[in-house]
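K.L.:
Chain by chain, the residues run as shown.
There are 2 protein chains.
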Amino acid sequence: MELRGACIFGQSGGPTSVINASAYGVFDEALKSGCITRVLGAAHGIKGILNEQLYDIGQEDPAELALLKSTPSSALGSCRYKLKSADEDDADYRRLLEVFRKYDVRYFFYNGGNDSMDTCNKVSKYLQKVGYECRVVGVPKTIDNDLAGTDHCPGYGSAAKYIAASCAEIALDAMVYDTGAVTVVECMGRNAGWLTAAASLANLQGAGPDLIYLPEVPFDTRRFLDDVKRVWEARHNCFVAVSEGVHDANGVFINEYASKAGGTDAFGHKQMGGAGAYLAGLVKEELGVKTRAIEFSLLQRCGAHLASRTDVEEAVLMGREAVRAAVSGVTDKMVAIRRQAGEGYRPQTALVDLTVTANAESVFPKEWITPDGAGIEPAFYDYALPLIQGQPDYCWENGLPRFAKLKKVPVK
Amino acid sequence: MELRGACIFGQSGGPTSVINASAYGVFDEALKSGCITRVLGAAHGIKGILNEQLYDIGQEDPAELALLKSTPSSALGSCRYKLKSADEDDADYRRLLEVFRKYDVRYFFYNGGNDSMDTCNKVSKYLQKVGYECRVVGVPKTIDNDLAGTDHCPGYGSAAKYIAASCAEIALDAMVYDTGAVTVVECMGRNAGWLTAAASLANLQGAGPDLIYLPEVPFDTRRFLDDVKRVWEARHNCFVAVSEGVHDANGVFINEYASKAGGTDAFGHKQMGGAGAYLAGLVKEELGVKTRAIEFSLLQRCGAHLASRTDVEEAVLMGREAVRAAVSGVTDKMVAIRRQAGEGYRPQTALVDLTVTANAESVFPKEWITPDGAGIEPAFYDYALPLIQGQPDYCWENGLPRFAKLKKVPVK
Chain A
-16 MELRGACIFG QSGGPTSVIN ASAYGVFDEA LKSGCITRVL GAAHGIKGIL NEQLYDIGQE
44 DPAELALLKS TPSSALGSCR YKLKSADEDD ADYRRLLEVF RKYDVRYFFY NGGNDSMDTC
104 NKVSKYLQKV GYECRVVGVP KTIDNDLAGT DHCPGYGSAA KYIAASCAEI ALDAMVYDTG
164 AVTVVECMGR NAGWLTAAAS LANLQGAGPD LIYLPEVPFD TRRFLDDVKR VWEARHNCFV
224 AVSEGVHDAN GVFINEYASK AGGTDAFGHK QMGGAGAYLA GLVKEELGVK TRAIEFSLLQ
284 RCGAHLASRT DVEEAVLMGR EAVRAAVSGV TDKMVAIRRQ AGEGYRPQTA LVDLTVTANA
344 ESVFPKEWIT PDGAGIEPAF YDYALPLIQG QPDYCWENGL PRFAKLKKVP VK
Chain B
-16 MELRGACIFG QSGGPTSVIN ASAYGVFDEA LKSGCITRVL GAAHGIKGIL NEQLYDIGQE
44 DPAELALLKS TPSSALGSCR YKLKSADEDD ADYRRLLEVF RKYDVRYFFY NGGNDSMDTC
104 NKVSKYLQKV GYECRVVGVP KTIDNDLAGT DHCPGYGSAA KYIAASCAEI ALDAMVYDTG
164 AVTVVECMGR NAGWLTAAAS LANLQGAGPD LIYLPEVPFD TRRFLDDVKR VWEARHNCFV
224 AVSEGVHDAN GVFINEYASK AGGTDAFGHK QMGGAGAYLA GLVKEELGVK TRAIEFSLLQ
284 RCGAHLASRT DVEEAVLMGR EAVRAAVSGV TDKMVAIRRQ AGEGYRPQTA LVDLTVTANA
344 ESVFPKEWIT PDGAGIEPAF YDYALPLIQG QPDYCWENGL PRFAKLKKVP VK
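Just so you know, the sequences run in chain order A and B. Quick note on this note's numbering: the first sequence kicks off at -16 and runs consecutively. Quick note on this note's numbering: the second sequence kicks off at -16 and runs consecutively.
Where hints are given, some of them may not hold.
A pair holds if it fits inside one copy or across any two, identical chains being indistinguishable in the list.
What the hints assert, rightly or not - Dumping the calculated BS3-like pairs for lysine-lysine here, alpha-carbon to alpha-carbon at most 25 Å:
#1 K273 x K65
#2 K273 x K30
#3 K30 x K112
#4 K243 x K273
#5 K390 x K85
#6 K267 x K243
#7 K349 x K273
#8 K85 x K391
#9 K15 x K65
#10 K108 x K65
#11 K390 x K30
#12 K65 x K112
#13 K273 x K15
#14 K108 x K15
#15 K15 x K267
Simulated from the structure, these hints should not be mistaken for laboratory data.
The following block holds chain A by itself, in its conformation from the complex (with noise of 0.2 Å):
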């Protein structure tokens, strides 16, 4: 059962506030594993691998190496690289296949969200096919949220507390005024409205959003205008909370009718402005009144400043289960995280198959959405709060949060 070798690590995918918590999870674990030989870290995910650009992770100071616990972004970089079918192109593999073996990598953890773990599969199914031995194991990341197998996803209690909370601030910030405005807020997420969803706790600290709309219901714009004018007549104000994907019955993006409509920017090209964007146009103009459009960007992925403890801790707990797991056999698995059924948040680890969660998406349930559809039913609160829980420990300096330092030394 035993087998001994290097492993390597890489992330994949768009960063998250805690995806370097996982780093950590796997790296102290597999530093300190009996069998795992060398740690080593690909720069950039798989092309990393493939141009065998890799650090030796031993070589790092433990102390810079546990601040990646709250050092947002990929400290190792990271890619969107779609590795094509093993059947048409193996040349990736075979690539993949001769840097494994020259290092004797015989582990091989991979931190991503759902083409990550299609990237992860592929892997797997080519070297068991090619009957390489390697333990191969996914490591769950998304701010979306939207990853089969698992509860939800390290990554997503962090982003859904950074959105909640500046929504609560911007709450207080959008009504100072007696003059009135309509303020909207988009949040990431183009085919799933978990993030978006995260708005509506602000709610629940005495001000939040309005009115909330999710890619899961089709946008009627009519509607829209008409949920708006509602609120504003009842209270002179409005704070409205949209998804990047918010789209209309016929699958059209809403964010897309700007350019439809003729909009240009300063360079005669078609105006790419984001849904909020239009919305908060689209208001002033029907409506006359002010209105303003944040778009959270990347800070709500990045803003690690205000993550869960929740999150980073599951996070490299879920870095640490697949080490352990892959050194007591498992492969071609990715970590999970489970409910327990009864009271109170009671998580546990579990393992899925890379074939499912390599192809599936989990979007918002439908029952968490409001008949009107125009909000988020309170069960989603009873889903969400545990997830945004406590402050990470942060170290400051020079009054700002200090990050790992890494020195990346190159494998020899």
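Based on the hints, put chain B in the right spot on chain A.
P.N.:
Below, chain B without anything else, positioned relative to chain A:
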């Protein structure tokens, strides 16, 4: 010397993360004062006095008042209301005097920036002229840090910390892919570059903006493109921080270039995007590289979750000092902060004539801008770092900040 009577406190202008901390300072000190008979809060600044919309602060729960220290935005509501000159039209002043007489108001504290100090000054001079005994003291507030007569202004430290920490995080996020990108963040500051300069502090943490443009230097788009190109060629990535108020040598704001060039929104209106969005579009057009524009928008002024403890404490102190000074006989002044000469940061309070502060603006010192006009000298760090130190005490609830909930009992 002792003057008995009620006090009125009002908040004016754009909110900050710590304007309520000053409110707490005023309220707590005034409620304890033996000669202030009643503490009133004006709804929406001076407008609340004119409309006789006043809250009885003595009715509030002291624990909720204490939470004002970590509650962003203007808890009483704010306004942007410009008083006419009393010589021109004294209707507002007569109404104000009527309200002051009705409630026997003998102390007036007004919390705001340049325009608000102008209001405060006008009220003070009018009351002197008509011989109504009332002590008027301004409490400084602005994220822009452009208030004259004070070393720095409560609100700035927290906004600077928000911008610096967010830039440190965005810098990490913006360099995860080996494909590179040009990221442009836009900070508030129409005439003064203090906020945008704070982005430079991120560089102390390992990664921050490569290029920084303040309104104090005439903006040249040709030179800007050369700057970006040079950085891009050196490291295949570029991070730019730009002030909303950058303008060319003729005083034309850079964001006006978009509409001048014929850009329109989806409704045929002239495009109204910010300087950052315009410059990101320009880089994409001219250099053909991937770009992203990020606006910090309201969060830089209301992101109290990233406030500076020093700023919070100084904001409270400014409120307290205003009351103490007035009670001791001072009027027609604004409280201010000075730095004592010598080693380390040793602030002390001071008093400035309202006439002085109402008619001047403090801009970013030219000698702290690098000779190429695209960077900040380290001398600024010595100025700014003390202002962003420490984390305030937060009250957390539901995993989110718990803000003050005032009863706002109308005064009888």
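K.L.:
How would you label the pair K65, K112 (within, between, both, or neither) given a Cα cut-off of 25 Å?
P.N.:
within (20 Å within a copy, 77 Å between copies)
K.L.:
With identical chains, the pair K390 and K30 could be close in the same copy or across copies; at 25 Å between alpha carbons, which is it: within, between, both, or neither?
P.N.:
So K390 and K30 pass the 25 Å test inside one copy only (20 Å; across, 58 Å).
K.L.:
Up to 25 Å between alpha-carbons, please classify K349 paired with K273: within, between, both or neither.
P.N.:
Classified as neither: same-chain Cα gap 32 Å, cross-chain 36 Å, threshold 25 Å.
K.L.:
Have a look at K15 and K267 and pick one of within, between, both or neither, based on CA distance no larger than 25 Å.
P.N.:
neither (59 Å within a copy, 47 Å between copies)
K.L.:
Reference check for the pair K273 and K65, CA-CA at most 25 Å: within, between, both, or neither?
P.N.:
Cα proximity of K273 and K65: across copies only (19 Å, versus 44 Å in one copy).
K.L.:
Within a copy, between copies, both or neither: which one fits K108 and K65 at a CA-CA cutoff of 25 Å?
P.N.:
Within one copy only: 15 Å inside a chain, 71 Å across chains, cut-off 25 Å.
K.L.:
Evaluate K273 and K30 at a C-alpha cut-off of 25 Å and name the case that applies: within, between, both or neither.
P.N.:
Close across copies (20 Å), not inside one copy (47 Å); limit 25 Å.
K.L.:
Reference check for the pair K15 and K65, CA-CA at most 25 Å: within, between, both, or neither?
P.N.:
neither (32 Å within a copy, 67 Å between copies)
K.L.:
Go through the copies and call it for K267 and K243: within, between, both or neither, with a Cα cutoff of 25 Å.
P.N.:
both (18 Å within a copy, 21 Å between copies)
K.L.:
Checking an output row: K390 and K85, CA cutoff 25 Å. Within, between, both or neither?
P.N.:
Cα proximity of K390 and K85: one copy only (23 Å, versus 70 Å across).
K.L.:
At most 25 Å between C-alpha atoms: does K85 with K391 qualify within a copy, between copies, both, or neither?
P.N.:
within (20 Å within a copy, 72 Å between copies)
K.L.:
State whether the alpha carbon distance between K30 and K112 is at most 25 Å within one copy, between copies, both, or neither.
P.N.:
within (22 Å within a copy, 76 Å between copies)
The structure is inconsistent with the numbered hints 7, 9, 13, 14, 15, although it conforms to all the rest.
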